[in-house]
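Here the protein sequences come in this chain order: A and B.
If you count by this note's numbering, then the first sequence holds residues 1 to 245, one letter each, in order.
If you count by this note's numbering, then the second sequence holds residues 1 to 829, one letter each, in order.
The reader is advised that the hints may include incorrect statements.
Derived list of chain A stretches under chain B, where covered just means 3 residues or more per stretch with a C-beta under 8 Å from a C-beta of chain B [what the hints assert, rightly or not]:
#	segment
1	36-49
2	111-120
3	210-220
Pulled from the structure, derived: some chain B residues nowhere near chain A, Cβ distances all over 10 Å [to be verified]:
#	residue
4	S110
5	D258
6	N358
7	S458
8	E663
9	T746
10	S748
11	P822
12	S823
13	L826
Straight-line distance between alpha carbons at most 25 Å, and here's what the computed DSS-like set of lysine-lysine pairs gives [stated by the list, open to error]:
#	chain 1	residue 1	chain 2	residue 2
14	A	K165	B	K230
15	B	K705	B	K113
16	A	K88	B	K496
17	A	K88	A	K126
18	A	K165	A	K35
19	B	K48	B	K230
20	B	K48	B	K325
21	B	K749	A	K121
22	B	K113	A	K121
23	B	K749	A	K126
If you're looking for bench data, these hints aren't it; they were derived computationally from the structure.
Cβ coordinates follow ideal geometry from the N, Cα and C atoms, glycine included.
Residues per chain are reported as follows:
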Amino acid sequence: MNNQRLVELTNINKTFVTDEIETQALSNINLRIDKGEYVSITGPSGCGKSTLLSLLGLLDNSSAGTYLLASHDASDLSRDERAQIRNKEIGFIFQSFNLISDLTVAENVELPLTYRGDISKQEIAKMVRESLEKVDMAHRANHFPSQLSGGQQQRVAVARAIAGKPSLILADEPTGNLDSKNAHAVMTMLDQLHEEGATICMVTHDPRSADRAERVIEVYDGKIVADQLTKKHQQNSSDFSAIAI
Amino acid sequence: MSLGIDIKYAIRLLMKKPIFTVNSILIVAVGLSLTLYCYSLLTNLVFKPLYLNGEQQIISIEAAFNENHGYRTGIDPLDLYQLRNESQYIDSLGIYQEGTTLIGDIEQSSSTKKYNATLTEWNIFEFAGVQPILGRGFRPEDHFEGAEPVVVLSQTVWQDYFSANEAIVGSMIRVDSLPTRVVGVMPAGFAFPSSSQVWLPQPQMNIQPTDRVRTQMFAYARLKPNTSLKQFNSELITLNQRIVANLPQNMAWRATSDGRYMRALPFKQANTDVTQYYNVFMSMLMVVLLILILACINIGNLLLSRVNERFKEIAIRVALGVPRKRLVLQMLWESVFICTLGSLLAVVFTHWGLNISNDYLSTMFAVNNAKPFWWHLTLGSDGLWVLILTVVVMILVTGLIPAWRALSDDFNAVLRDGTRGALGRSAARASNALVVSEILLSCVVLVIATILLFSSYSAGMADYGVETQGRLTARLELPLESYPERSETVVEDRKKRTDFYYQLKDQLEVQPHIEAVSFMSSLPGTGEGSSYFEIQGHAADVYNENPKANTESVTRDAWRAVGMTLIEGRNFDHRDTETDMGNVIINASIAKDYFADGNAIGSQIRRVWSTGHREWQTIIGVVSDTFHGSTMQTSSARYTMYRPIDRDGRTQMNIAVHYLGTERQARKTLLDTINAVDINVGAYHIQSYQNLIQQPMLLVSAVSKIFLFCGIVALALAASGIYAVAANSVTQRTQEIGVRKALGATDSKVINLFMGKALIQLLVGLSMGVGLSLWIVNLMTDAMILDNVSVIIGLIGVPLLIASMVLLATFIPTQKAVRLEPSVALHQD
């Protein structure tokens with residue numbers, strides 16, 4: 001079981017200090033995500049779910065606690081080490097797509113690959129092409145983000161997230177800026193990625209989106225208040241691998 | 001009501017950010033005051049037509065500027081007479097010559113004093129529309145041969161020399177030793193045509209000449225109503241062609257080698273300094289305009305940053321339905337306040353700058369009182385109109401661009417997401433253009449300022465080949481009345497003049513504090529100008545392919561007092577006055593460059609020009625090198641030939657006195673000795689040798705200081721502007737930085753990305769800036785020689801300085817943004 005463990009948070013706290021006011025964003029978080037799992041994090045606005053995702057994605061540091069990523073301690077890494085892990089092991093999908101407007105679709109997708117420095121240009125081109133084909137956006141490779149619809153932009157963002165074959169895909173409200181049709185398409189894409197073995201952790205408000213995951217973690221006031229298999233997956237799995245305290 | 005609310009809101013916003021407000025107002029004030037100052041300087045000195053009391057502007061008619069010697073050239077009176085009779089366009093005209101004259105009282109009880117004099121036509125005061133405060137002006141009959149000599153004094157002379165004695169009119173005084181009746185005193189400030197302190201009538205033969213003479217005559221004129229200078233110059237071209245074609249061989253020198261002769265130009269531009277440094281003045285105007293553009297860019301950019309800061313607020317206003325016009329007006333108000341307050345401050349700064357400049361100009365001309373009367377800088381109503389116009393343009397430019405930006409963004413997205421995406425491509429292009437233009441402009445201003453400043457500094461510090469410490473210099477003028485130049489007694493008259501100089505030299509050198517005395521027509525460091533010379537047996541095919549040298553008349557043993565040495569041959573002595581063939585002493589550079597075999601002594605040398613040559617002269621000695629004229633002036637020469645004063649006996653000579661003790665003591669000794677030898681001889685422009693050398697460079701030095709100030713301002717504006725643009729650009733791209741970091745970019749990769757972009761901007765901006773600077777430097781080299789080291793410092797040092805500044809200005813905000821955690825950067829507003 002242990003060899004499948006990808007993420008393990010132990011007693012994680014996150015406090016923000018602004019103008020001498022301390023805000024406890026996360027409190028005593030303990031969470032485990034195994035390889036190949038599809039987890040959704042839900043909760044009301046301001047509950048700390050995005051902060052949790054930021055910590056998982058090494059976009060921020062916790063104030064206390066331990067974070068093991070693929071059995072390596074990620075709580076005390078330097079900025080550059082964190083950047084390297086983000087680059088190789090984590091793929092991000094944001095609510096507002098966060099494509100860089102003056103780069104083309106292909107350039108956006110190849111961006112994380114260029115940061116690796118150990119992949120040849122040909123290899124990068126191949127990986128970009130493959131990931132764009134996977135999201136059905138190869139025909140728009142030379143377009144700029146402003147020339148695409150919201151749904152198309154998010155598909156490009158998915159392609160960017162998976163191009164480097166990361167161990168963990170983190171999605172922050174991936175359908176939040178999309179209409180139902182495009183939202184459905186993006187969610188189907190995530191399902192496919194999961195079926196292909198990707199580990200996905202998604203923050204969402206939408207219960208229907210949350211239900212597409214295997215596990216739903218509910219956060220309230222900076223604490224995990226529920227961690228359970230979704231109904232859809234309860235029947236398929238008898239192994240309750242997450243521990244909620 | 002809504003207007004009042006908008007104004008109140010704009011004031012509140014400005015008060016809320018006092019540093020921003022003060023910074024912006026100061027940028028506007030500095031940009032505008034430099035523009036206003038430069039406008040006032042150039043219009044007062046050069047461009048504003050001189051009308052005096054007439055309706056048509058006054059023009060000057062003179063010959064083509066002598067670029068070899070760096071001075072204005074006059075016209076043959078006969079040609080002016082022909083012009084006066086034949087021109088269809090001239091309304092009124094008067095002839096004049098400027099010079100100096102020695103004024104003394106009729107009893108010769110006190111020493112004479114030198115004043116700037118104008119030998120002019122009777123109509124000068126009517127032409128200027130100014131009448132004497134005492135007595136009368138000239139009458140046509142004052143010109144007649146045999147008429148009683150008369151003089152009109154300026155108020156300065158009347159007060160300074162004659163203690164404002166009201167009985168002066170009608171009394172006799174001595175003008176160049178000649179008893180002359182004072183007929184009038186002009187009001188204070190009147191110095192037409194330029195810096196005149198005494199007016200004397202021209203002889204009739206110059207007004208209605210019948211023969212060609214070698215006299216250099218100038219004319220002031222007004223054209224008939226509705227006649228342009230262009231029309232008159234066309235007429236002049238035709239007349240010139242006729243005159244030049246019929247010039248006798250011995251007068252062919254009147255025309256330039258390309259056939260130019262008479263020309264007409266606005267009176268203020270008929271000035272040696274203005275002509276010589278016209279391109280420098282133009283460069284200054286260009287530089288100041290660049291600074292104004294820099295200031296506009298900075299203000300626009302600051303306001304643009306403010307719009308970025310206020311996006312959410314503007315989005316809410318748009319959502320609440322603010323009319324576009326009202327929103328634009330709201331955006332404009334801040335600009336209106338900043339620019340208006342800045343302009344008021346600019347008036348104060350300009351006034352202050354002009355006062356300083358007036359003091360400087362007075363100091364600059366203190367020695368010779370030769371400041372043209374219009375060289376008094378004031379802030380005129382035209383200047384204020386220029387200011388108002390500039391402020392309006394500035395308000396529109398700096399206010400409308402942010403307003404346009406405020407109206408063109410997607411406010412729906414701002415309100416919906418609470419964040420904006422990465423910098424749009426058009427905004428990125430605009431930001432690039434801003435940085436590149438700031439780099440370009442500051443590069444041009446700084447390169448020029450650096451080159452000019454270093455050049456003028458090195459000219460002041462240059463080794464002119466003479467000792468200047470403990471040396472006093474003065475100009476001596478022998479009155480024509482006692483030292484005449486008569487064709488029938490040339491030798492005797494010359495000897496009389498020469499004897500005076502040697503007598504003075506002998507009497508001075510026996511004084512206990514005087515080491516040595518030297519007389520030269522121009523002392524090293526002054527007297528630029530050179531002519532072609534050829535060496536017997538080595539003459540070029542064409543005269544102007546021969547080398548050029550400066551020629552000076554000197555007394556015997558002229559070297560000791562100024563620290564020069566005789567290297568080879570002998571000094572001038574009695575043999576050089578006895579021989580028909582003139583003998584010369586050359587400087588070491590001529591000997592080295594043209595007599596490499598060491599055979600200079602005994603060789604023959606002569607001056608040549610387009611239509612002839614002088615007699616051959618024998619080289620009898622070689623002296624150490626000196627440099628005549630400033631090292632910055634194109635007319636200055638490295639080669640100098642010396643001839644004995646005994647062979648031309650000039651009425652004006654420069655003296656250098658090597659003294660021990662104090663300058664004051666030496667000055668007294670000099671004046672006392674001159675008075676003892678001949679009380680009628682005037683000594684003027686008494687000053688230290690260092691001062692004498694710096695004198696020709698004072699204007700350039702002043703302009704260099706203005707350039708330096710402009711350079712510092714440009715650097716400060718560019719630094720703050722580039723920092724603001726970079727900071728603004730980085731702020732707008734903070735989200736992008738967050739995205740890049742989320743995707744795995746390390747801090748150094750993000751910093752390198754921004755620094756790389758800054759490097760490209762630098763490359764583009766500096767290439768264009770250096771190119772433009774080279775073009776302007778090329779323009780300036782027509783007027784002056786620029787120090788090579790300064791050019792290297794300017795063209796290499798300045799780009800390096802700007803590059804460091806830009807990289808630093810980019811690095812600081814980038815690093816600040818990069819230090820943010822990606823999660824924070826991703827949600828940056």
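So B:S823 supposedly isn't at the interface. Is its beta-carbon more than 10 Å from every beta-carbon in chain A? B:S823 not clear of chain A: closest Cβ-Cβ about 4 Å, inside 10 Å.
Residue count check for the segment 111-120 of chain A against chain B: does it reach three with CB-CB under 8 Å? The restraint on the segment 111-120 of chain A holds, since 4 of its residues have a Cβ under 8 Å from chain B and three suffice.
Residues of the segment 210-220 of chain A with Cβ under 8 Å from chain B, three needed, outcome: Coverage by chain B is violated for the segment 210-220 of chain A (0 residues, Cβ < 8 Å).
Below or equal to 25 Å on CA atoms is what counts here, so check A:K88 against B:K496. 102 Å, violated
Straight-line alpha-carbon gap B:K48 to B:K325, limit 25 Å: Violated - the C-alpha atoms of B:K325 and B:K48 are around 41 Å apart, more than 25 Å.
Holds or violated: B:K113 to A:K121, with C-alpha atoms at most 25 Å apart: 88 Å, violated
Taking 10 Å as the cut and beta carbons as the points, is B:S110 off the interface with chain A? 84 Å, holds
Can you confirm whether the C-alpha distance between B:K705 and B:K113 stays at or below 25 Å? Measuring from Cα to Cα gives roughly 34 Å; hence the hint is violated.
Can we confirm that no CB of chain A comes within 10 Å of the CB of B:T746? 4 Å, violated
Take a quick look at whether B:K749 and A:K121 sit within 25 Å of each other, Cα to Cα. 18 Å, holds
Would you check the hint for A:K165 and B:K230, treating anything up to 25 Å between C-alpha atoms as holding? This hinted pair is violated, its Cα atoms lying about 79 Å apart.
Checking the smallest CB distance to chain A, is B:P822 really beyond 10 Å? With a cut-off of 10 Å, B:P822 comes too close to chain A, as the shortest Cβ separation is near 4 Å.
Comparing the model with each numbered hint stated earlier shows that hints 1, 3, 9, 10, 11, 12, 13, 14, 15, 16, 20 and 22 do not hold.
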